[in-house]
Every structure is written in C-alpha cells, then in structure tokens.
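Protein chains in written order, with our numbering: chain W, 88 to 588; chain V, 88 to 588.
Hints listed in this document are in silico derivations from the structure and should not be mistaken for laboratory results.
Worth double-checking, as some hints may not be accurate.
Covered stretches of chain V, as calculated for chain W (at least 3 residues, CB under 8 Å) [unchecked claim]:
#1 119 to 131
#2 219 to 233
Subject to a maximum C-alpha distance of 27 Å in a straight line, what follows is the list of computed DSSO-like cross-link-like pairs (lysine-lysine) [as the list claims (entries may be wrong)]:
#3 V:Lys230 to W:Lys305
#4 W:Lys127 to V:Lys547
#5 V:Lys127 to W:Lys547
#6 V:Lys293 to W:Lys293
Where is the CB? At the ideal position from N, CA and C, for every residue including glycine.
Each chain is listed here by its residues.
Number of protein chains: 2
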Amino acid sequence: MPETTQQLYFSYCDIMQKAADVNYASAVLGWDQETYMPPKGADARGRQLSTLAGQAHEILTSDKLEQLLKELSTRGDLNDIGKNNVRLSREDFEKNKKLTPAFVEELTKQTSECFNAWIEARKKNDFSVFAPSLSKMVALKRKQAEMYGYKVHPYDALADDYEKGITVAVLDPVFAGIREQLPPILDKIKAAVQVDDTFFYRHFPKGQQWEFSLDVLKSMGFDFEAGRQDYSEHPFTTSFAPSDVRLTTRVDENNYASMLWSCIHEGGHGLYEQGLPEDQYGLPLGSAASLGIHESQSRIWENCIGRGLDFWKFFYPKLQARFPEQLTDVTAEAFFKASNKVEPSLIRTEADELTYHFHVMIRYEIEKQLIEGSLDVKDLPAKWNELYRQYLGITPPDDKSGVLQDVHWSHGSFGYFPTYTLGSFYAAQFYAQAQKDIPNLLKQVSNGELAELLQWLWEKVHRHGRRFTSEELCERITGQKLDPSFFIRYIQDKYMGIYGI
Amino acid sequence: MPETTQQLYFSYCDIMQKAADVNYASAVLGWDQETYMPPKGADARGRQLSTLAGQAHEILTSDKLEQLLKELSTRGDLNDIGKNNVRLSREDFEKNKKLTPAFVEELTKQTSECFNAWIEARKKNDFSVFAPSLSKMVALKRKQAEMYGYKVHPYDALADDYEKGITVAVLDPVFAGIREQLPPILDKIKAAVQVDDTFFYRHFPKGQQWEFSLDVLKSMGFDFEAGRQDYSEHPFTTSFAPSDVRLTTRVDENNYASMLWSCIHEGGHGLYEQGLPEDQYGLPLGSAASLGIHESQSRIWENCIGRGLDFWKFFYPKLQARFPEQLTDVTAEAFFKASNKVEPSLIRTEADELTYHFHVMIRYEIEKQLIEGSLDVKDLPAKWNELYRQYLGITPPDDKSGVLQDVHWSHGSFGYFPTYTLGSFYAAQFYAQAQKDIPNLLKQVSNGELAELLQWLWEKVHRHGRRFTSEELCERITGQKLDPSFFIRYIQDKYMGIYGI
C-alpha cells in the first residue's frame, strides 16, 4: 500500500529530528568542553564528539532519507511548511552527496591535523610550523570547490556553505566599498581629538560585571528559563533547542570593555536561537538562515543598540550604581564615546566597529587568492603584513599577533570570514528599517524598553528559520538588496557625534 | 581471507567503544540536566537522551557484534584481558537477547509513564495515583524475570542486573542478620545517653562548606584535573571516562551534616571511577564491578574513614579554622560523636549507618514479595507502614515520607536496593582487611595521609574493572565470602566508643 504524504513527511521529520538530537547532543558536549570540562577529559571528549558526528552523518546521508526526499518532492499535497523543509533538505542532501565519503574522511583527518599544527605554530610563534598543513588544507578546499562545482569563481562554492548563494560577484563590491569609503573616514578620525577610554581599565570586580550583564540580557528579553550564561575562555553562543540556549562570556577585572559588549553580542545570537520556531525542531525551518544573518542579530544588539547613546541614557545610571567609585567622574556621554573609540589594532576580535572590516577584508582577499591559486601559502605572512601596513598602518611584530591569530583556516573554514562583515552590513540596513517601522524606537531604547525591537526582529527574521536566504530576507525586510551604503551612513552618523567629523 | 584474532578483537573493541562514546555522551547530557540545564530545556533533553539510548542499544545488539563475540570466543590466541572482555561482553549480549525488542520498548514506555505517575503522586502526596502504573510495572518485571530465567526465585533474575550472581539465597541471610542482630544494638543505644548534634544546625556559610569539601576531596586523592564537583538537587557521581569524573553535592547552610559526608561518599564513588583502567575504555574491564562494589567504595570513605575519630584528629582543627565561631565550643570528639548519631527516622537517604539497613531490608522484603506475587501493589502502603512500625518504631505521617520516598520502583529498578546494604557490608569487610594489610592505617589517617589506603583500594578493586564478580573480589581481597559479622563488629566497636554500649 503506497504511503500517504503525511506518513512520508512524518518519516522524514523523524529522521531529521533524530539527527538533530545527535547534533544537539554534540553541542552539549562542546559547550561542556569549553565551560566546565577538566583538562584531562579532552581526549575522551574528542573521541565522543567524533563518534556522534559519525552517527549524525550516517543518518543524514542515508538512502532512506534520499528516497523520502525524492518521493516527497513529487507530492503536491504537502503544505507550505512541508514544501520548504523538503526543498531545503533536498538541497543540503544533494550538496553533501557531491563529496565522496573518502574525501570527507580525508578532510576530517586533515582538519584535525591542521588544527594541531596551528596550535603548535602559535606556541612556537612560527608560521612555518603551520604552513605545510595549511598548504594541504588549501589543496583539499580547492578540490572541494571543484567537487561542489561553481559558475564563476571556486570561492563561490565554498562560501555557499556559510552563506547560501553568496558569491565573489556579491562580495567584491562590498569589500571594494570598505577599501574605498572607510579609509577617508578613518583618516578624519585619526586627525580629530581622540576619545578617552582610560577609565575602562580601572578595577571592575568580576561579580558586579556579571550581575550587570545579566540585567542587560534580561532587559534585551533573553529568557533565562530557556537559557543561561557561563564563563569560557572565548565567548560563544550555542543552542540545544530554542528552549535551551547557552551564552558564554569572559571577564577581565582590569578592562571593562572586554566583557559587556561581548555579552550583548552573544545575547543577540541567543535571542535569534530562542526565537526559532520550536515546532520545527531539527528541520530547516527551525534553523538559522545563515551565518551572516546570525551575525546581523548579534551586531544590531551589540553595536546599533549597545553602543548607542540612547541605550546608555537608560542603562548608565544603573551601571554607575553598580560601580559608584569607578565611574563617579565619568558621564554617560563619555562612557558612550569610549565604547566607540576607533583605533587601528592588530587583533580582529578586539577591533572597533570601523577598523574591524579592514581585518575581514584582508582575510577575504587572501583566502580568495589562495583558493583561486594566485597566492601561495608560503607567501601568506608577507602578504598579510603588507595588507595590514596598507590598510591599518601597522605591522604585526610576530606571527601570533598576525597571520596566526584566527583559528578559521586551520578548520578549513574558507569563506567564513565575509559573513562577519555581511552581518554588520545587514545589521545597519535592518536597523535603519527598524527605525522606520518603529518611529519612536530611539525613545523606547532610551527608556530601556527593548521589547518592541525584539518583537520586530522575531517577526522579520527569527520566526522564519531558513525559509528565506539572506538575500531574500534582506529584500523582504528592507525592500532592497544588501546595500553597503547603510553601513557607511550608520558609521558616519555615529562618528560625527563622537569625533565631530 | 579469514581475519586474524587481533583484527577481530580490534573490530570488537571499536564497536564497544563507539557504544561507550554514545553512552558517555548521554551521561554528559544527564549531568548537565541535573546541574545547569534551564527548566524549559527539559523536553528537548528528554528526546535527545532517548535518541542516544536508541543509538547505543542498536550498536550493542547488532548482528555484527554477536558474530564477533561468537567467533572470538572460539579463538585460543586471545590474551587474558581479551578473553575476559569477550567473555563478559558475551554474557551481557546473551542476557540482553533474552528480551524481545517489543518487550524492551514496552518497558521503556512504562518506565517513563511510571516515573511521571510517581512525580504526580508525590505532588498529590497520594499513593493511589501511583498504584495503577506501579502494578503494570510489577507485572512487566515479573515477565522480565521469566524471560531472563532463574533457578530458584524470580527476584534472582532481576537482582542479577545490578549485582551479577546475587540471589535471594545469598541475600536472605544478610537481611536475616540485620533483623536479628541490629535491633538489640539499637535498643541499647536508645537506652544510652544521647549524642548532641545541635551544633550542626548553626549557620555554616555555603562558600566555606564548599571550600572545606574540596580540601577533603583533594586529601582523599580525587584528581581535580580529571574531575570536578558541582551543585545539584540530589548528590550523585557520573563519569565520562576515568579522566573526567563528575561529583555533585548540595549545601544546606543551616545543617552542616547535609553536605560533608555526602561529598566524601560521592568522592569514594569518584575515586573508583578515576581508578578504572583507561586503556580498557568502553570494555567490561574498564567498567565498575557492580553496584554493590561501587557502594563499598563510597561507604568505606564516608563511614569507615569519614565518620572515624582518627580522621577528625587531623581534619577537625582545619574545619574549626574555617568555622571558628560556629565550632568554638565543640571538641573533635563531640563532632565525631555527632556525626555518628543514631536515631530511627523516616527517610532512608538521611538515616544513620545503623538504621539505614532497616530501610533497605524493608524494601527488599517488599519487592521480593511483589515479584514473587505474594504481595499486591494495593496493599503496599499498609505493608510499608507496618514494617516501619515494627523495625524503626515510627509510622510515616503520609505517603510522601513513606512509600513514595524513593524513585527506584518508578524506574522499574527492582533488585537495586540490596546493593546499598551489600555496599556497606563489603566496606566493613574490606576495611577490616585494609587494617590488616596496612598495619599503621589508623595512624596514617590521623595524620591526614590517605594515599596508601587509596593505593590499596586501587590495587584490590579499582584496577580490575569487571574482571571479577563482587563475590570473587571479596574472596580475593579478604580470603572469604561476604560475611555480615564484619559489619556487625564494626558497628559494635563504633557505638561502644560513642554510646558506651
């Protein structure tokens, strides 16, 4: 007896959700690894994660799933949600199938080797320790691009893994904008009166920093019944379901700037995860749209809101109450200005909103050339330092604070970096739209009322899951494609107020 | 080409260790569930745990494993370790195979239903809410006993799941000893001058309790590079590998007795897990021998050591230094005596070393009768209250502090309770032997030197994993079978010093 569409769809959901169970279990193990795991637990954890990854992979590449997707694609009586889930799952399946099991195994092995080489190279502060492994990795990624296939540029095939549909043709103008429009702004800032942020480096006790960050996260609407915040060396957000979202942070008692905006940033990611539709657990419509859209959510909260003067109109008196001694001589405006201090620096993750994108642009140019074969790994440090001199005016004193600073390439994540810039640009464009859609938004923010903004983000972004690509989302929300001029305008407005440019 | 024994053994290990990876992953999820998970995460966590359990079950019941075990059992060139692993895995496999998949599914479903009914019944403080579910559970367990098969008593088949080889024939004399020999001791204690433990209920701040417990665990030899302690509602120990062992505890600031001995107890479990051979990860020789032996490790540390006067000779001055105000008027001896106060009470988990075994004996008698069919679930509360009156001289005021207090039966764990008493009895017998083998043990303990005892436990128990059954271990260590008179003597010695009986 042929099965009904509903029966088939149920089987499809069951397989997808079992794979999600295993992947979310991996996420729990990964979270514990970064937060609480004792040091000697690392080896066992590594093999446990690897086994779970194998199990999930087996489920998601099974013949049974393939047949179900094939059959369901022919069924006209699927509802709209079902159609979208099946369409997206099939695209994923077809893409995965292009890689042979032997290639996947080789890539997994090389990733592990390459990551260890990176760790070792950082310890020795010597890129040459990393170079041979990275060369092999680049060769594999070039091979992967060929296996995936592409129309114009091999980089397109890889970047698509992180941002569906993104291509060099889209990215080049974005980064050209950065190269052309940001340097004049930076020059003006350099020439202006500098901002004082020395009070960030007074002593801010850990416990009070922690408490204030919880206050802010609660005000943002983060649901602590469906999530929590813990410490880790590197802040991150992970999710085991929309009902269980974990944020992590770190605290430096002698640098207040280290924690707070990072908490707000992760909170933005967390709100997205909490806002995904729970009834689509494990299905495409229950997952985030893309890395770029994810980053737009963290950046809109961290930068557009959390580094805005209106935000601090409400929150600064509360902060001062927590740190009366440390902030007695600091006004809300001075605090706001300090949080937006622009200064070219070596490390991407510590960069301000403006120079950050030079860091990304440099990585984008380099990895594009590596993948097209016009740059050799051995010439990478020289290229890196040349670009840093050119765009940031500084030269890394060593590999660790230069070409070895990011983990991404050791993971084989070529095409990932641009999503950081896309995120900021989407954030600026969405934020401009939010101000149109919610006319008194700034007034609300200055009263600490953030609920309508969160509702807007949920309505426009969170609830859709992966239904729309980032491009489609952007057009639906703002009526036009991604347009870097929103970011440029946002930056100009902000720094006009701060540096008088 | 036929495979070599080594190749086959390697395949066997690979399967077993993959299953262990999945089961340890479940343990991580379970640990997080009890320590950090936000409340709304419960549903997703439930389904994730259920999927992982299914994955592990599939691996451990695969035809491939069965064939490997069959073939390896015929190979004469396996080394001693290999032979023992294969023998034990085959026993497990054969036992599991006796249950049909349909039965396992039914049991799993009923367990979940029964647990929820128990929660509900406790909320309503009404056994009748639990009774129908429990009746079904008892029927299933009786069926399970028939499927497993047994020689003498159906209870033997079930108890074997927790303590290999244990039978009613072994347990009856143990509990007869409790029924006959403990009441006269209890009567003497009741007639003696009572011990004062009121100072336990002074205010002991959480942080200092925590710090002291870490000091004690470190002195015991618990490796905090390979484990940690966290808070949970009910203290427990879990392990993700010998290199990652998690203890949990709870703190009551107004009852010092609530935390410390529980920490030492869990620490004893933890030391066993840390002492299992790491190179036998996922294999029988890398697992604990039985629940009874596990409990012997926690009880030897908690009671024989941690409630001994010699222990406090060393640790009491340190405790006093942490709580100078609270303990200024309390001597080491008074503290030691208070930690051993005997008083019949309603709740098993809060009982002293002596009356504890009445609680277990009562449960044993009841579940034996349920399984053999001589007691009906509807008559359970009456039976319970009658036995409590008879042996402890008290009657539970309600079901919650009576027949509904333990979770075990809702889980279908019939045959589990006796392992608590076996643990204490093994502990007393091992402890007597340790004092023979380490002549100056008490002197060492009174100097805070616990390393030689740990080394002895590792040598005699931990390093063997499941190689020996608890009975075999007991004979190897002490030269004789389990003999309850060791426990009786231990108890008499202890209370002679405290109550002068």
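Structure versus earlier hints - violations, ascending order: 2, 3
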